[in-house]
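K.L.:
Protein chains in written order, with our numbering: chain Z, 33 to 307; chain D, 167 to 527.
FYI, nobody ran anything at the bench for these hints, they're computed from the structure. Among the clues, some could well be false.
[Stated by the list, open to error] Sample of chain Z residues at the chain D side, in silico, Cβ under 8 Å:
1. L144
2. T169
3. L183
4. N185
[Said to hold, decoys possible] Taking beta-carbon pairs under 10 Å as the criterion, some of the chain Z residues facing chain D (in silico):
5. G62
6. F72
7. E75
8. N104
9. G112
10. S116
11. G117
12. N146
13. L148
14. R212
15. I239
16. R243
17. I245
[Claimed, not checked] Okay, the calculated bits of chain D under chain Z, using three or more residues with CB under 8 Å as the criterion:
18. 281–291
19. 367–381
All residues carry an ideal CB built from backbone N, CA and C; glycine is no exception.
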Amino acid sequence: MIAPIPSIDATGRYRVAASLSLKGVNLHFGGVKVLQEVSFHVEPGAIFGLVGPNGAGKTSLFNCISGHYKPNSGSITISGTEVSGSAPYSLARLGLARTFQQPALLLHASVLENVLLGGHIRLPGGPVSWALRLPYTARAERGIRAEALELLNRAGLGWAANLPAGELSHGLHKGVELWRALLSKPALLLLDEPAAGLSHGEVEQFIQTVRRIRAEQDITIIIVEHHMGLISALTDRVVVLDHGRKLMEGTAAEAQSDPRVIEAYIGKDAADDAA
Amino acid sequence: MRTISAVLANRSVRASLIAVVAIALIVAPLILPAFTNQTLVRIGVYAVAILGLNIVMGYTGQVNLGQIFFVGLGAYVAAYGVNHDWNILLVFVAACVIPGIVGLFVALAAARLGGLAIAMVTIALPIVGVPLAKRLDEFTGGSQGTSARFTDAPDWSGLYNDQWQFYIVLLVTAAAFLLARNLVRGRYGRSFGVVRENEAVAASMGISPYRTKVLAFTVASIFGGASGFLYLAAVQYTSPETLSFGHSISLVAAMVIGGAGSITGALIGGAYYVFVPQLTNAIDPNLTAISQGAILLAVLFLLPQGLVSLPRVIRRLARRRTAPSTPSGKPPQNSPVHHPTTEAAVREGLETQRGKIDHED
Numbered sequence: 033m034i035a036p037i038p039s040i041d042a043t044g045r046y047r048v049a050a051s052l053s054l055k056g057v058n059l060h061f062g063g064v065k066v067l068q069e070v071s072f073h074v075e076p077g078a079i080f081g082l083v084g085p086n087g088a089g090k091t092s093l094f095n096c097i098s099g100h101y102k103p104n105s106g107s108i109t110i111s112g113t114e115v116s117g118s119a120p121y122s123l124a125r126l127g128l129a130r131t132f133q134q135p136a137l138l139l140h141a142s143v144l145e146n147v148l149l150g151g152h153i154r155l156p157g158g159p160v161s162w163a164l165r166l167p168y169t170a171r172a173e174r175g176i177r178a179e180a181l182e183l184l185n186r187a188g189l190g191w192a193a194n195l196p197a198g199e200l201s202h203g204l205h206k207g208v209e210l211w212r213a214l215l216s217k218p219a220l221l222l223l224d225e226p227a228a229g230l231s232h233g234e235v236e237q238f239i240q241t242v243r244r245i246r247a248e249q250d251i252t253i254i255i256v257e258h259h260m261g262l263i264s265a266l267t268d269r270v271v272v273l274d275h276g277r278k279l280m281e282g283t284a285a286e287a288q289s290d291p292r293v294i295e296a297y298i299g300k301d302a303a304d305d306a307a
Numbered sequence: 167m168r169t170i171s172a173v174l175a176n177r178s179v180r181a182s183l184i185a186v187v188a189i190a191l192i193v194a195p196l197i198l199p200a201f202t203n204q205t206l207v208r209i210g211v212y213a214v215a216i217l218g219l220n221i222v223m224g225y226t227g228q229v230n231l232g233q234i235f236f237v238g239l240g241a242y243v244a245a246y247g248v249n250h251d252w253n254i255l256l257v258f259v260a261a262c263v264i265p266g267i268v269g270l271f272v273a274l275a276a277a278r279l280g281g282l283a284i285a286m287v288t289i290a291l292p293i294v295g296v297p298l299a300k301r302l303d304e305f306t307g308g309s310q311g312t313s314a315r316f317t318d319a320p321d322w323s324g325l326y327n328d329q330w331q332f333y334i335v336l337l338v339t340a341a342a343f344l345l346a347r348n349l350v351r352g353r354y355g356r357s358f359g360v361v362r363e364n365e366a367v368a369a370s371m372g373i374s375p376y377r378t379k380v381l382a383f384t385v386a387s388i389f390g391g392a393s394g395f396l397y398l399a400a401v402q403y404t405s406p407e408t409l410s411f412g413h414s415i416s417l418v419a420a421m422v423i424g425g426a427g428s429i430t431g432a433l434i435g436g437a438y439y440v441f442v443p444q445l446t447n448a449i450d451p452n453l454t455a456i457s458q459g460a461i462l463l464a465v466l467f468l469l470p471q472g473l474v475s476l477p478r479v480i481r482r483l484a485r486r487r488t489a490p491s492t493p494s495g496k497p498p499q500n501s502p503v504h505h506p507t508t509e510a511a512v513r514e515g516l517e518t519q520r521g522k523i524d525h526e527d
């Protein structure tokens with residue numbers, strides 16, 4: 033039998049927000065340079081935006097942080113721990129959680145079961161303990177279920193808990209993904225295009241939700257997004273990427289008025305006209 | 167149907183139902199004819215093998231075409247132990263642990279390759295296993311096979327052999343099903359499911375897809391070994407023919423027919439594995455292969471989720487007859503809710519659906 037993976041207790045060790053530092057991150061696929069010398073630092077507790085036009089390398093950078101891609105060089109640290117090249121599953125233990133651009137739920141499983149996946153690393157015990165249904169595993173399971181239900185209830189999704197996830201709308205899928213990530217009690221939450229495919233009303237609701245999360249818990253949030261309204265409403269700082277390079281760093285308002293950013297988004301001629 | 171499921175949801179009703187089934191299973195061998203007992207015993211034997219297969223294939227989505235290898239290995243280990251006068255408990259443990267260790271090593275290598283590699287490696291197992299069993303005649307008795315009598319009823323019990331064997335198989339099978347049921351609910355069941363559906367999501371939840379596959383494969387091998395022990399207990403003889411590739415494919419078919427990703431489905435699969443050859447033989451002994459194929463196709467077309475989904479399908483058909491159109495033209499329950507125009511409209515639509523579901527369950 034396999035040695036059980038070390039677990040953290042149900043009290044949630046990762047309540048302290050994490051910091052994130054990138055230094056000289058390079059990533060290339062064959063000859064294509066996807067990321068070049070990207071460096072920035074995210075303070076604990078910040079909401080940080082990663083913006084840029086299509087193909088700028090935002091999602092690739094995101095995947096480097098979450099461990100799904102391994103940078104060719106450079107360093108990525110979460111709260112001082114070097115993570116570049118770590119297996120993605122090991123990063124959850126450092127308090128990292130993420131959502132996906134296309135919501136990735138188990139469509140046949142219930143909404144509650146989907147959210148419970150986020151509790152995996154907080155549950156104790158190896159397969160033998162669970163197969164024997166030892167009292168402490170049964171207790172932990174009851175506890176995490178109650179917590180997941182409470183998250184869903186507070187999000188106004190309690191009524192959907194036992195519905196198959198496949199029956200919900202795209203907008204609600206994104207919500208379920210967010211609560212799944214939060215059940216792991218992350219110290220660093222990565223949101224990959226949370227507004228993609230949402231209606232105007234749903235984006236507004238999402239902004240309120242993220243504000244509430246930040247008000248209630250000590251957490252660092254990184255958002256990759258096109259939707260400038262959402263970025264302006266939520267982020268403390270942004271990094272703008274273009275062609276795999278860091279174009280500028282500052283507040284969302286600074287980014288929106290920066291001529292280099294306007295040029296990257298709408299082309300040089302239009303930027304000249306605007307200027 | 168509605169009332170039946172409502173009654174079943176009640177905890178005390180369920181507990182008494184389990185008690186009734188348990189008593190029936192304990193009393194049954196005392197009144198049933200020997201042939202029926204032997205048939206039930208064989209169902210138990212294969213249900214355990216299919217249960218293991220279900221964990222690795224049905225729940226975790228890793229194609230395993232070599233489950234019979236572990237059944238055969240368990241049977242050979244048990245035969246070796248019995249013929250060397252080991253304690254019966256030691257025989258049982260060895261028949262589970264040795265296939266488990268072999269399965270662990272196979273999975274450690276195969277799961278690293280990913281994709282179809284596990285399927286390919288598992289095909290190789292019975293193909294290598296048969297000549298190996300013939301060659302290692304010191305342990306296996308070669309092509310002739312080896313027999314081991316250890317399940318004759320002891321005098322103090324006052325039972326016939328078939329009854330005694332029934333109780334041994336019942337005990338092991340019940341324990342196996344209970345353990346499997348516990349395992350697939352909760353922490354590990356969820357990690358099996360997410361590894362089957364999406365490994366990137368699994369990893370982002372802190373679940374190692376590799377370790378999860380290795381775990382599922384190892385559990386399946388242990389269950390295969392236990393099934394091999396039971397096989398020897400029931401048949402008292404094993405030969406290289408026991409672990410032939412054809413049997414392995416039949417196990418996979420029985421698993422899918424019973425219901426992939428369902429514990430009850432594994433039991434139904436065991437019954438299918440035992441009954442269908444008997445049934446097709448009764449129809450026309452010359453056409454067994456064709457009629458087995460026809461039954462397989464019929465079940466897969468009518469019940470793609472396996473026989474275990476039959477009550478669900480009947481319920482759905484009954485509902486369709488009573489309520490031909492859903493209220494206020496909302497989409498039927500099985501199609502996803504379409505893209506929302508406003509949050510409120512979606513909420514309203516789902517509320518209506520929830521109302522329906524609450525009434526059903």
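K.L.:
Report the numbers of all earlier hints that the structure fails to satisfy, in ascending order.
P.N.:
Structure breaks hints 1, 3, 4, 5, 6, 7, 8, 9, 10, 11, 15, 16, 17, 18.
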